[in-house]
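**Q** What follows is the residue order along each chain.
Protein chains: 4
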Amino acid sequence: MGPGEFASDTDQRLAYELGARVAQQNWILLTGGRASGIMDAASRGAKQAHGLTIGILPSADARGVSDAIDIVIPTGLGNARNAVNILASQVIIACGMGSGTASEVALAIKSHKPVILLNVSPACQTFFQELSAPVSATVMIAQSPEEAIEQAKTILKLRDPLP
Amino acid sequence: MGPGEFASDTDQRLAYELGARVAQQNWILLTGGRASGIMDAASRGAKQAHGLTIGILPSADARGVSDAIDIVIPTGLGNARNAVNILASQVIIACGMGSGTASEVALAIKSHKPVILLNVSPACQTFFQELSAPVSATVMIAQSPEEAIEQAKTILKLRDPLP
Amino acid sequence: MGPGEFASDTDQRLAYELGARVAQQNWILLTGGRASGIMDAASRGAKQAHGLTIGILPSADARGVSDAIDIVIPTGLGNARNAVNILASQVIIACGMGSGTASEVALAIKSHKPVILLNVSPACQTFFQELSAPVSATVMIAQSPEEAIEQAKTILKLRDPLP
Amino acid sequence: MGPGEFASDTDQRLAYELGARVAQQNWILLTGGRASGIMDAASRGAKQAHGLTIGILPSADARGVSDAIDIVIPTGLGNARNAVNILASQVIIACGMGSGTASEVALAIKSHKPVILLNVSPACQTFFQELSAPVSATVMIAQSPEEAIEQAKTILKLRDPLP
Chain E
677 MGPGEFASDT DQRLAYELGA RVAQQNWILL TGGRASGIMD AASRGAKQAH
727 GLTIGILPSA DARGVSDAID IVIPTGLGNA RNAVNILASQ VIIACGMGSG
777 TASEVALAIK SHKPVILLNV SPACQTFFQE LSAPVSATVM IAQSPEEAIE
827 QAKTILKLRD PLP
Chain H
677 MGPGEFASDT DQRLAYELGA RVAQQNWILL TGGRASGIMD AASRGAKQAH
727 GLTIGILPSA DARGVSDAID IVIPTGLGNA RNAVNILASQ VIIACGMGSG
777 TASEVALAIK SHKPVILLNV SPACQTFFQE LSAPVSATVM IAQSPEEAIE
827 QAKTILKLRD PLP
Chain W
677 MGPGEFASDT DQRLAYELGA RVAQQNWILL TGGRASGIMD AASRGAKQAH
727 GLTIGILPSA DARGVSDAID IVIPTGLGNA RNAVNILASQ VIIACGMGSG
777 TASEVALAIK SHKPVILLNV SPACQTFFQE LSAPVSATVM IAQSPEEAIE
827 QAKTILKLRD PLP
Chain B
677 MGPGEFASDT DQRLAYELGA RVAQQNWILL TGGRASGIMD AASRGAKQAH
727 GLTIGILPSA DARGVSDAID IVIPTGLGNA RNAVNILASQ VIIACGMGSG
777 TASEVALAIK SHKPVILLNV SPACQTFFQE LSAPVSATVM IAQSPEEAIE
827 QAKTILKLRD PLP
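Residue numbers (our numbering), protein chains in the order written: chain E, 677 to 839; chain H, 677 to 839; chain W, 677 to 839; chain B, 677 to 839.
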């Protein structure tokens, strides 16, 4: 998960590498699916590494979908689809931050889904760790795509494989 | 699409064959995903023919999912997920009928998605054809899974491949 | 509930009277809220009789809302909002029929919400009665707005008042 | 908006006063509707001041609704209903903070709905102001319910009255 139109160049570079590493693990990459920012960069990274990509779109049809999405799920739900993104994921990696991404991380904490934060501000890190404390949710900070993948592997080893 | 707990033996036999034929076309089978009725039978048919299956669940987690689903999308939306099922499909084949399936066929007509009805009552056929007339939506009647697949092929040849 | 753009003059006349009679019972009228067809006519009838009206819109903002709606709930959910309409209602009266209305009646049957059908075709009556039989849901046929209200009163006397 | 089970005593006292002040302005109070935390406290405050209260529930029926809710909207959407809460509001006041509330504030920023934060941590304030900057959304900090109401009045004077 990560920002669309407001993604920085660094965010996009990290997302591309992250997508490639997700695919190398034989994991499925699920994003918001649009041809923009982190959704697009991570999906392109995953396809370059021959992975499978799913895009859960806010719109009612496939217009605006990234070319790098294999399985397109238009929902027609607008931003309410963010709740579906979280429930359909086993681990949430946020790469960069924006208002849509923040809603997803918050819903992940509420749903006790593990979260890994990559390239976010100090206030963002502190805030989501504050949110996670009372509900004993997992919020980890990664310094690189490689570390994010290692953290995800550790989390998945400790959990039931079903989303 | 089709009934869960109230699916008849005939419905389930037809759904199994339909799922297998969908997979033989190299199409992806999308169902409501639960381990019940048509969702389960069609998905098992598709897996037996080495197809890819997606299940869009009403629940917030994967409990109750059919073993024959490859890609599990828990939505937490309850019956509102029926609207997602329709938007994520290119052709809707209803095998048997129930109240959830009827809501999906009606939403398909509203969204101008083509519908094929298999093993439904005369009143059901007449009703959905009445609904489709003012909006010029496509509602076809199939006598067998084989005919349903032929109708779907005809529809897909005439349309843009994106859902 | 009832059709928007495809509502007939008779549908709209009946909906206006129905809205007025709902308000006279001191019931709250809940519709899909748009300035079109049955939603608009029923809401105008209710306001003329000094009732309270709620409109649950498919859109993300209030554009296109009927002037006769007091409480506007934009949902941004598209047709998935039909599921909310049903869960937020205690009795569903369908006045006329269209594809959106049919999805609502089907979801009402699935959710065991009582349904009253006014001014619908014979095939429609037969079909929804077929759907309701296996789940023991209530589907009644009314010949007039007055009879629909009497049926709703009978249903509400037998039930818990919470939606 | 505000936390449910994890609301502090201070959060609840502020929410009660806030609800009362919302009602005194003849505004309608919309909350998540459950008999818990800020939803319940704000609604009780509004009822004590003879206001109108709406509760948009995550559940499919009215179980667990606060006694102080006049208009109950069960949605069956789970946490996806948070997106509806935001779209149905003209101004969002967060009183205290939790993961569900954070998702609502983030969605409000995404939807360009004005947000007022009351009794939240410094990291929370900084984070949401960081999120709002690139999209020019309004995020204000209030020191008291009285100040929150004054800020809301200022915002509403500058805007179109429709949600």
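Certain hints may be false.
[As the list claims (entries may be wrong)] In silico DSSO-like cross-links for lysine-lysine, where the CA-CA straight-line distance does not exceed 30 Å:
(1) 833/H x 723/E
(2) 829/E x 723/H
(3) 789/W x 829/B
[Claimed, not checked] Distance windows between CB atoms, simulated:
(4) 739/H x 802/W: 50 to 56 Å
(5) 810/H x 802/W: 48 to 54 Å
(6) 680/H x 788/E: 44 to 50 Å
(7) 686/W x 801/B: 54 to 60 Å
(8) 680/H x 826/B: 52 to 58 Å
(9) 739/H x 686/B: 52 to 58 Å
(10) 830/B x 834/W: 49 to 55 Å
(11) 743/W x 702/B: 52 to 58 Å
(12) 822/W x 702/B: 46 to 52 Å
(13) 811/H x 746/B: 50 to 56 Å
Since the hints were made in silico from the structure, they are not lab data.
Using N, Cα and C, we set each Cβ at its ideal position, and we do this for glycine too.
**Q** Which of the numbered hints are not met once you compare them with the structure shown?
**A** 3, 4, 5, 6, 9, 11, 12, 13
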